[in-house]
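Novice: Given next are the chains, with one letter for each unit.
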Amino acid sequence: MKILQYGFMQRAFLVGILLAVITPCIGITIVLKRTSMIGDALSHASLAGVALGLLLGINPVLGAGIICIIAALGIEGIRKKIPRYAEMAIAIVMSAGIGLAGVLSGFVKNGANFNSFLFGSIVSISQGELLLVCIVSVFVLVMLMLFYRELFYVGFDENAARISGVPVRRINFLFTILTALTVSIASRTVGALIVSSMLVVPVACGMQLGKSYRNTLLSAIAVALSTTVAGLFLSYYTGLKPGGTIVLLEVACFLILAAVKTVRNRFDGRK
Amino acid sequence: MKIVSIKDLTFRYVDVPVLKKVNLDIRQGDYAILTGENGSGKSTLLKVLLGELSPQQGTAEVFGKDPVRGFARIKIGYVPQNSIYRNQSFPATVEEIMMTGLYQPIWRRKFSGKMCRKQIMHALTELEMEEFSKHRIGELSGGQQQRVMLARALEGNPELLILDEPTAGMDTVSLKSLCQVLDRRNREQKLTIIIVTHGNTGDFVGAGRFLKAEEGRILEL
Chain U
1 MKILQYGFMQ RAFLVGILLA VITPCIGITI VLKRTSMIGD ALSHASLAGV ALGLLLGINP
61 VLGAGIICII AALGIEGIRK KIPRYAEMAI AIVMSAGIGL AGVLSGFVKN GANFNSFLFG
121 SIVSISQGEL LLVCIVSVFV LVMLMLFYRE LFYVGFDENA ARISGVPVRR INFLFTILTA
181 LTVSIASRTV GALIVSSMLV VPVACGMQLG KSYRNTLLSA IAVALSTTVA GLFLSYYTGL
241 KPGGTIVLLE VACFLILAAV KTVRNRFDGR K
Chain S
1001 MKIVSIKDLT FRYVDVPVLK KVNLDIRQGD YAILTGENGS GKSTLLKVLL GELSPQQGTA
1061 EVFGKDPVRG FARIKIGYVP QNSIYRNQSF PATVEEIMMT GLYQPIWRRK FSGKMCRKQI
1121 MHALTELEME EFSKHRIGEL SGGQQQRVML ARALEGNPEL LILDEPTAGM DTVSLKSLCQ
1181 VLDRRNREQK LTIIIVTHGN TGDFVGAGRF LKAEEGRILE L
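Those sequence lines, one after another, are chains U and S. Residue 1 is where the first sequence starts when you use my numbering, and the numbers rise one by one after that. Residue 1001 is where the second sequence starts when you use my numbering, and the numbers rise one by one after that.
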């Protein structure tokens, strides 16, 4: 296949596949903890990190990662102060992030470089960025596998988890760091405006398919993998933006699965 | 042996006193029912015992430790009040939720999958829920879900069992099953039980202590 002969497409597929595996793993906990907008807040904040990185002459992905971690910790901190309106923490941090990004972007000389982080450029990943994505992805995946049970328990019932001896604060802190790392590497590849969709939509698809938590997660990964690969093929042959194409395929997948489930439920009801 | 020891406990929400100089000891093997009107302080007392709230005055100890510091290495079974509502849309099977009742930190994890499944099925059988192990939790009725949550609380052989409004949404069959299991565990294994309820205290066969929360005080009936 000619598409796979090109180095940039090989890197794009590898990065896409790695992200397709880790984003649903992060996304399922985000969705079950009912903090689906956190991906948006962190990805918008990552733009501030990108702008800061470009201004200071450091790797913008590194800048995005640092700001993402600060933003994620900020969300946790604000949430503890106003637990009754915890979702406001996400809005506050998102506002701060996008405001800072807006101001700093005005000082960035190479606007095209900054704009590439909005919708990503998975097909222009360098070898260095590929290595960074690989390292971060493997680290995130290993951590998620090690703490699978803790994250499940915290997603199910945080209070009961604490009573059972789960170190909830430490697990939440770890999960915050993993989310920030995932969002920062995904921002570079699929774009800051698209990352949160990749965290949430495959999980929504998985919930239409899976009968158990494990199957929901595996289904979400399968959907993310297939739409990522299909999206990259489609974008190569049609010239469409890869990040947007992948997300539209995911949304289409969700709509089809939801429709099939509705029809099936009605049919079973009539029986 | 004292499982719960509360001395001169006072708790206020801002300036409103909810618990006033409460003194209460729960000993091993006690089966206590705590009742009270809304706003009488029973939910607040429970939250203090579970470490969710810290009292402004006085002390509360569970197994000799401050519950706010956590319950590592202490076996407490807990069935929360709103578990049914929360369970409706959670994408997990009964078996997966039961696994959370056997939680051990990663450095102490020694149970094999086979042994876990054996313990899970034993606990579900005790509550007559073994045939539902592969069902999604949201597919069960309210009473069935409460039985699963109780099975989860019991499977790790806790030393203290705390139930918050366990009869809410329960059908007669489920209620009977729950009360029989609690009575048997209390008699045979000296399980210490604390139940907070609005319901009929007469349902809980075998209960030996009846407490009432009234205007911030805990009275023994």
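Hints are not guaranteed to be accurate.
To be verified - Pairs of lysine-lysine, DSS-like flavour, derived with a Cα cap of 27 Å:
{"no.": "1", "chain 1": "S", "residue 1": "K1065", "chain 2": "U", "residue 2": "K80"}
{"no.": "2", "chain 1": "U", "residue 1": "K33", "chain 2": "S", "residue 2": "K1002"}
{"no.": "3", "chain 1": "U", "residue 1": "K33", "chain 2": "S", "residue 2": "K1134"}
{"no.": "4", "chain 1": "U", "residue 1": "K211", "chain 2": "S", "residue 2": "K1114"}
{"no.": "5", "chain 1": "S", "residue 1": "K1021", "chain 2": "U", "residue 2": "K261"}
{"no.": "6", "chain 1": "U", "residue 1": "K241", "chain 2": "U", "residue 2": "K2"}
{"no.": "7", "chain 1": "S", "residue 1": "K1134", "chain 2": "U", "residue 2": "K80"}
{"no.": "8", "chain 1": "S", "residue 1": "K1212", "chain 2": "S", "residue 2": "K1065"}
{"no.": "9", "chain 1": "S", "residue 1": "K1212", "chain 2": "S", "residue 2": "K1002"}
{"no.": "10", "chain 1": "S", "residue 1": "K1002", "chain 2": "S", "residue 2": "K1020"}
{"no.": "11", "chain 1": "S", "residue 1": "K1118", "chain 2": "S", "residue 2": "K1002"}
{"no.": "12", "chain 1": "S", "residue 1": "K1190", "chain 2": "U", "residue 2": "K81"}
{"no.": "13", "chain 1": "S", "residue 1": "K1002", "chain 2": "S", "residue 2": "K1065"}
{"no.": "14", "chain 1": "S", "residue 1": "K1114", "chain 2": "S", "residue 2": "K1075"}
{"no.": "15", "chain 1": "S", "residue 1": "K1176", "chain 2": "S", "residue 2": "K1114"}
{"no.": "16", "chain 1": "S", "residue 1": "K1118", "chain 2": "S", "residue 2": "K1047"}
{"no.": "17", "chain 1": "S", "residue 1": "K1021", "chain 2": "S", "residue 2": "K1118"}
{"no.": "18", "chain 1": "S", "residue 1": "K1002", "chain 2": "S", "residue 2": "K1021"}
{"no.": "19", "chain 1": "S", "residue 1": "K1118", "chain 2": "U", "residue 2": "K211"}
{"no.": "20", "chain 1": "S", "residue 1": "K1020", "chain 2": "S", "residue 2": "K1047"}
{"no.": "21", "chain 1": "S", "residue 1": "K1020", "chain 2": "U", "residue 2": "K33"}
{"no.": "22", "chain 1": "S", "residue 1": "K1176", "chain 2": "S", "residue 2": "K1134"}
{"no.": "23", "chain 1": "U", "residue 1": "K211", "chain 2": "S", "residue 2": "K1134"}
Stated by the list, open to error - These stretches of chain U come out as covered by chain S in the derived footprint (C-beta under 8 Å, 3 or more residues):
{"no.": "24", "stretch": "4-13"}
{"no.": "25", "stretch": "69-83"}
{"no.": "26", "stretch": "125-132"}
{"no.": "27", "stretch": "243-255"}
These are calculated hints, taken from the structure and not from any lab test. Just so we're clear, the structure is a prediction, and the values are computed from it rather than from any experiment. Beta carbons are placed, not taken as given, at the ideal position from N, Cα and C, and that holds for glycine.
Novice: Compare the structure with each hint and give your call.
Specialist: Structure-based check of each hint:
Simply put, K1065(S) and K80(U) have alpha-carbon atoms about 24 Å apart, close enough for the 27 Å limit, and the pair holds. For the proposed pair K33(U) and K1002(S), the alpha carbon gap of about 36 Å is over 27 Å, so the pair is violated. A hinted pair counts as satisfied when its Cα atoms are at most 27 Å apart, and K33(U) with K1134(S) qualifies at roughly 23 Å. Under the criterion of a C-alpha separation no larger than 27 Å, the hint pairing K211(U) with K1114(S) is consistent with the structure, at around 21 Å.
The suggested pairing of K1021(S) with K261(U) is violated, with an alpha-carbon distance near 56 Å, which exceeds 27 Å. Note on K241(U) and K2(U): the hinted pairing holds, with a Cα-Cα distance of about 19 Å set against a maximum of 27 Å. Restraint check: the Cα-Cα separation between K1134(S) and K80(U) comes to about 36 Å, which exceeds 27 Å; the hinted pair is violated. The straight-line distance between the Cα atoms of K1212(S) and K1065(S) is roughly 25 Å, inside the 27 Å bound, and the hint therefore holds.
Under the criterion of a C-alpha separation no larger than 27 Å, the hint pairing K1212(S) with K1002(S) is consistent with the structure, at around 20 Å. For a cut-off of 27 Å, the pair hint linking K1002(S) to K1020(S) stands: about 21 Å separates their Cα positions. Simply put, K1118(S) and K1002(S) have alpha-carbon atoms about 32 Å apart, too far for the 27 Å limit, and the pair is violated. A threshold of 27 Å between alpha carbons decides the hint, and for K1190(S) with K81(U) the separation of about 41 Å lies outside it, so the pair is violated.
Simply put, K1002(S) and K1065(S) have alpha-carbon atoms about 11 Å apart, close enough for the 27 Å limit, and the pair holds. At roughly 22 Å between alpha-carbon atoms, K1114(S) and K1075(S) fall within 27 Å of each other, so this suggested pair holds. Restraint check for K1176(S) and K1114(S): the C-alpha separation of about 30 Å exceeds 27 Å, so the hint is violated. Simply put, K1118(S) and K1047(S) have alpha-carbon atoms about 32 Å apart, too far for the 27 Å limit, and the pair is violated.
In summary, the hint linking K1021(S) to K1118(S) is not supported, as the alpha carbons are separated by about 45 Å, beyond the 27 Å threshold. Distance restraint check for K1002(S) and K1021(S): the Cα-Cα separation of roughly 19 Å lies within the 27 Å cut-off, and the hinted pair is therefore satisfied. Annotation: proposed proximity of K1118(S) to K211(U) holds, straight-line Cα distance about 22 Å (limit 27 Å). The straight-line distance between the Cα atoms of K1020(S) and K1047(S) is roughly 15 Å, inside the 27 Å bound, and the hint therefore holds.
Proximity of K1020(S) to K33(U) is assessed by CA-CA distance (about 35 Å); at most 27 Å being required, the pair is judged violated. Between the alpha carbons of K1176(S) and K1134(S) the distance comes to roughly 24 Å, so the proposed pair stays at or under 27 Å and holds. For the hint pairing K211(U) with K1134(S), the CA-to-CA distance comes to about 9 Å; that is within 27 Å, so the pair holds. With 0 residues bearing a CB less than 8 Å from a CB of chain S, the stretch 4-13 of chain U misses the requirement of three and the coverage assertion fails.
Counting residues of the stretch 69-83 of chain U whose CB lies closer than 8 Å to any CB of chain S gives 0, which falls below the minimum of 3, so the coverage claim is violated. With a threshold of 8 Å between beta carbons, the proposed coverage of the stretch 125-132 of chain U by chain S is violated, since 0 of its residues qualify and at least three are required. Counting residues of the stretch 243-255 of chain U whose CB lies closer than 8 Å to any CB of chain S gives 0, which falls below the minimum of 3, so the coverage claim is violated.
The structure is inconsistent with the numbered hints 2, 5, 7, 11, 12, 15, 16, 17, 21, 24, 25, 26 and 27, although it conforms to all the rest.
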